[in-house]
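Top to bottom, those sequences are chains A and B. For the first sequence, the positions run 1 to 705 when our numbering is used. For the second sequence, the positions run 1001 to 1705 when our numbering is used.
What the hints contain is simulated information worked out from the structure, not anything from laboratory work. Check each hint, because a few of them may be wrong.
Stated by the list, open to error - A few chain B positions that, by computed beta-carbon distances, are all more than 12 Å from chain A: (1) 1163; (2) 1174; (3) 1284; (4) 1342; (5) 1425; (6) 1457; (7) 1467; (8) 1618.
Stated by the list, open to error - Here are the simulated lysine to any residue pairs, SDA-like style, with alpha carbons at most 25 Å apart: (9) B:1639 x A:591; (10) A:639 x B:1660; (11) A:642 x B:1450.
To be verified - Below, a sample of chain A positions facing chain B; criterion: calculated Cβ distance under 7 Å: (12) 118; (13) 171; (14) 244; (15) 245; (16) 283; (17) 284; (18) 361; (19) 365; (20) 385; (21) 386; (22) 498; (23) 635; (24) 644.
The beta-carbon is built from N, C-alpha and C at its ideal position, and this holds for glycine as well.
2 protein chains.
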Amino acid sequence: MKGKLDFIFRPQSIAVIGATNRKGSIGRELLHNIIDYEFEGKVFPVNPTKSVIHSIKCYSTILDVPDQVDLAVIVVSKEHTLDVLAQCGEKGVKGILMITAGFKETGHAGAELELKVLEMVNKYGMRMVGPNCFGIINADPRVHLDATFSKLRPSFGKIGLISQSGAMGEAILAQAQDVRIGISMFASIGNKADINENDMLEYWGDDPTVEVILLYLENFADPRGFTTLARRITRNKPIVIVKSGKTTKGAAAASSHTGALAGLDVSVEALFEQTGIVRVNTIEEMFDVANALAKMPVPKGNRVAIVTNAGGPGILATDALIGAGMKLPEFSPKTVSAIQPILPPGTAVNNPLDLVAGATGVEFKKALSHVVKDPNIDSVIAICVPPVTIDQTLVADAIIETSKITKLPLYACFMGVTYGTGAFERLKEHGIPAMIFPESAATTLALIDKYRRWLSRPEGSLVKVVGDKKKVAAIIKKNRQEQKEAVIGDEALQILSCYQIPVASYKYAFSKEEAGRIAAKIGGPVVIKVNTPFILHKTEYGAVAVDLRTPAEVVSAYADMEKRITKAFPKSKEQFSVVVQEMITGGVETVIGMTTDPSFGALIMFGLGGIYVEVMKDVSFRIAPLTDLDARDMIESLKGYKLLTGFRGSKPVNIASVEDSILKLSQLVLDFPDFAEIDINPFIVSADEHATKAVDARFVLAKGK
Amino acid sequence: MKGKLDFIFRPQSIAVIGATNRKGSIGRELLHNIIDYEFEGKVFPVNPTKSVIHSIKCYSTILDVPDQVDLAVIVVSKEHTLDVLAQCGEKGVKGILMITAGFKETGHAGAELELKVLEMVNKYGMRMVGPNCFGIINADPRVHLDATFSKLRPSFGKIGLISQSGAMGEAILAQAQDVRIGISMFASIGNKADINENDMLEYWGDDPTVEVILLYLENFADPRGFTTLARRITRNKPIVIVKSGKTTKGAAAASSHTGALAGLDVSVEALFEQTGIVRVNTIEEMFDVANALAKMPVPKGNRVAIVTNAGGPGILATDALIGAGMKLPEFSPKTVSAIQPILPPGTAVNNPLDLVAGATGVEFKKALSHVVKDPNIDSVIAICVPPVTIDQTLVADAIIETSKITKLPLYACFMGVTYGTGAFERLKEHGIPAMIFPESAATTLALIDKYRRWLSRPEGSLVKVVGDKKKVAAIIKKNRQEQKEAVIGDEALQILSCYQIPVASYKYAFSKEEAGRIAAKIGGPVVIKVNTPFILHKTEYGAVAVDLRTPAEVVSAYADMEKRITKAFPKSKEQFSVVVQEMITGGVETVIGMTTDPSFGALIMFGLGGIYVEVMKDVSFRIAPLTDLDARDMIESLKGYKLLTGFRGSKPVNIASVEDSILKLSQLVLDFPDFAEIDINPFIVSADEHATKAVDARFVLAKGK
């Protein structure tokens, strides 16, 4: 076991710079905690004004410490941090835990100081957690390091916990202790000037003592790196996140809290879809999911059995499970006939299995032992409400004993803890995830099931597309020189062609005769549109004519249009012209687009066209670059997906051809960070892949690039 | 104080029939509870085999009891219930609490016995709670009746609790005790053969000791009666419901559990929308909402202030609040300048207000006292996470003291109870709703805010429409005689006309010349449709031609259609004919419909037409009869509502005209229970109310009426 950040989380020796005896001070609490938790290495207090602290020899500076020091914990005031860091560097310290606050979180001057701190850390090749953080813990008995200033003494377990906020970290640790969730390591990463959540993921991704990773995050330090790391790690161990700052108001609070820019939630959602991260919506869900993942294996499927001594909570759990897409299959005939004798005569063996109020530990034991053997079942929830006549601790024992004879995950739900405190404690002690409310067990299982689906999903692959980069670069350069805000019309469609995104054929006509000739050449119905930048709302001025079937119709429509438009916009007389474009009929109108998230970069969008996008907001986003599976997922996740698979007798469209164009756009935005927004609208998808084509496009240029 | 069921819930004297000394028996527990809880009236044990029980004289039959008996609690075996009831009747007993089980819930024979029990109860003019129930409680110190067989001793409070399931009732009482929610009365209504939730609502609606009504229900005994009662009572006191059996699977479990048919969830949702009931989704939410409603007033608005000692939970609460439609306004300038001195220099006064980790009771007290005076604020959440340096109980005291100087509702959220148990208990004791997780406080406030909006919503009125009932009855009769399953075509449109629902004008044509003449008379564009019942998918066979603008076009389309259709369907030659119908252009296609719920009866539906209904499921339901406000609500609740209010430059449609037609349909289904389903599809809504018209309709006849 040898990880990258072992010198911080598994140090042999620690110096506490700024250690003191002053009551209530962080410097005292920290040193006290390290000693009280019985750290397995050496500790050296450093403070120029003391010779001994807490019965331990104290050194004036770290340079005076006789031994090598792996980790320096710094709690001096911010004015002294640079000097102290320089000394650490000279001493050859590898890791810094900077508890001291007063940096980026306080404004401009603090941010500048933080930069200097980081420079100093880099200069000596050190790594640093913090500043402005609450400390780190390694609960592994081989290390037993508590370098925080809290009163908590976490028990050892499988969870690695990262918290961006110190206060939340402490609150989460306290709550974890209440529900008996063991911690492997904890890191309060504070302002994350150097070590951020990505470094921690990388470290814990390969660490065998961390089996489940929990994060409380307010923003992402490096979203792209995070995506890559998470995609890999979730294949081996679950990552559970509470990401705050979802709403604009919440994001504003996050920004003033950490001095960091929070991403839009749509990008965070996309991130979670693309990486298999379990996103929980509340801190309570985080505990429930962490508890379940730490104590039970991930179920093999979504088929749940409920065994209960009361109908009511069984129904509530069923409602919650079915509502979240889980299944409650019937029991196999073998299970049914095995369970029948336990029930009162004439009672049906159903799932949820209602053992009725009088059921004791004996009935629970019998029923559970058959249910866990049923091949239709992947996980079991045992529910017990407290009738006066039974002893809940015996029911708890029945569940505990069953857990020893099965590999299926077992969850317990015991309501009314006034009666059942003993039962509850017994379940916790024996590693059974125990909840109070039936719906919590259901929601937890559903969240974990989403992770199961991720584990069984193939990884997908990034499809490399080679575009005509030279030509695209030339178009961008020309438009920038002309100070255009966006590339539109002909040039926009040319960009698509450079990346082999199919475009409905078109040509410019400067006279009605030319328009007729072009139409004849295209063949089939055409559309003509006035080629004038003045007219924004083309349909309102009759500047578009559709479904023209013969060259004669085109000539006449041109003449009519020219008359009307040049009258309304005399300026357009100078060089009146139209676009004659192939009309794609019988396809479904869609939109493929791109928008830029301030922290995640390019997000690819797909939606059904027109009203679906604008009124129903039926669109999906993924972070670029997309794998083929990402593209497929984002198409299938639309509510209106049915419209693509053949609706009311229409032919299903060629979905592979949309997928293909989405992946090409993904490559284009990867090659060119020059675009802030892209709309390919409409993009008509047809049953015939050769009739799937973009009709119009618009590339908004990023500012100042 | 004199309520209808006082003889049950406020009896002067009780007989316990089937009382016994046998340990662990219900007959013993029940009598013991009544005495142990110190019931303020007299108790008479009744048992032919005993002369004394629990030091009290026991009587052979109730007829031997010397005093008058208000309430008889029956715990004899089911075989003896009829005899015992007859004796109760003879004795002049008014109320029965039938604990005994073994009735409807066990199958057919039990259901028959239950009917006989009910007959006996009715014969003597008695009223009965049960059978198959867990008992009743009145915690009012003037009564102090615990006629249950649990070990719970609820404290007196404002909550009236009704539970259909005995086990859930007991579990809820136990949990309520844990979180210190006081109970006024409790009723386990079991099989509700006589007294059901409606009787209880009526009783408690006028009872001053019950200020909040909580229900756990699996089905509704009389949904229409419930609707009427709830609509009235929610104006004075909140009703909070957990309704289980939402999903089909859940409903199946509910059915086998209580032998009762659960309604579809869509109707239950509609019920809650129309009555102002607070529907909670989980038992946990029920406790949070009940706790908040019992301890704090309903806020006057949706503007929340958060005061916290840590940014993280403040952001999480903000996310949850904004996501649920609540507001976090900026503080007034006066508040800002009052709070500024409390914060570290340079810190902004925002909402959420972050007092930073070092904040003690003093800072909380100062900040809260200013925030509750801010005119922009309707309610306050105080959040405290446990830094080691502060004493959480002092923060709790600050909140408690603030609650004494304000009428604003105050909620507390204290994470990490390992530290703060004392603080938590203190808050509970002083009537402050205290939660562990920030999101729970937010969700609770949002649920209560929905109730606030209901209180401020006008009541709406039922608009009486007089239809041509005679003619509709005749059409129904004729179709029944012809054994039709549905009234379609001409007759269906006639039914609409009988209730003044506007119909696009149409006429049948039996030759192309006639079709041309009709079109000329209608004027404007028309549609022609083959009038043949053989052809289900008219568009596929070209049996519909739209947008015919001249009589000549109509004649030619008719000829063309006749040729094609009679070739494909030779049988149609016999009497080929078409409908010529006015074509409504420029409107929005909608659907108005009706479906029958097995327990709620007619549900009126409204949705946007075509793909919106079929793919996006963008529809809303309300239970008939609808008030004008219900109709307006159901239109406005569509996701695609924007399409009606003018989208992309199109004129807003005349919404009053749809509302009008919805109310007319509501009257029609009220007058005629003959229809199982109705579709008015399409119903075109235009900007001009005179161009708002039904194009086609279909009335499915109810079976066996």
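Right, here's what the structure says about each hint:
1. 1163: At roughly 8 Å from the nearest Cβ of chain A, residue 1163 (chain B) sits no farther out than 12 Å, so the non-interface label is violated.
2. 1174: violated, 3 Å
3. 1284: violated, 5 Å
4. 1342: holds, 17 Å
5. 1425: holds, 15 Å
6. 1457: holds, 26 Å
7. 1467: With a cut-off of 12 Å, residue 1467 (chain B) remains clear of chain A, as the shortest Cβ separation is near 34 Å.
8. 1618: Non-interface label fails for residue 1618 (chain B): nearest chain A Cβ at 7 Å, not farther than 12 Å.
9. B:1639 x A:591: holds, 20 Å
10. A:639 x B:1660: violated, 31 Å
11. A:642 x B:1450: Not satisfied, since the Cα-Cα distance of roughly 34 Å exceeds 25 Å.
12. 118: Since chain B brings no Cβ nearer than about 22 Å to residue 118 (chain A), farther than 7 Å, the hint is violated.
13. 171: Nearest chain B Cβ about 4 Å off; hint holds.
14. 244: The hint holds - residue 244 (chain A) has a Cβ within 7 Å of chain B, the shortest such distance being about 4 Å.
15. 245: holds, 6 Å
16. 283: For residue 283 (chain A), the interface hint holds, since the closest Cβ of chain B sits about 5 Å away, which is under 7 Å.
17. 284: Since chain B brings a Cβ to about 5 Å from residue 284 (chain A), closer than 7 Å, the hint holds.
18. 361: Because about 16 Å separates residue 361 (chain A) from the closest Cβ in chain B, which is outside the 7 Å limit, the hint is violated.
19. 365: Where the cut-off is 7 Å and the nearest Cβ of chain B is about 20 Å from residue 365 (chain A), the hint is violated.
20. 385: holds, 4 Å
21. 386: With a minimum Cβ separation of about 6 Å from chain B (threshold 7 Å), the hint on residue 386 (chain A) holds.
22. 498: With a closest approach of 32 Å, the residue 498 (chain A) hint is violated.
23. 635: Given a least distance of 15 Å, the restraint on residue 635 (chain A) is violated.
24. 644: Violated. Min distance 10 Å.
Of the numbered hints listed earlier, those contradicted by the structure are 1, 2, 3, 8, 10, 11, 12, 18, 19, 22, 23 and 24.
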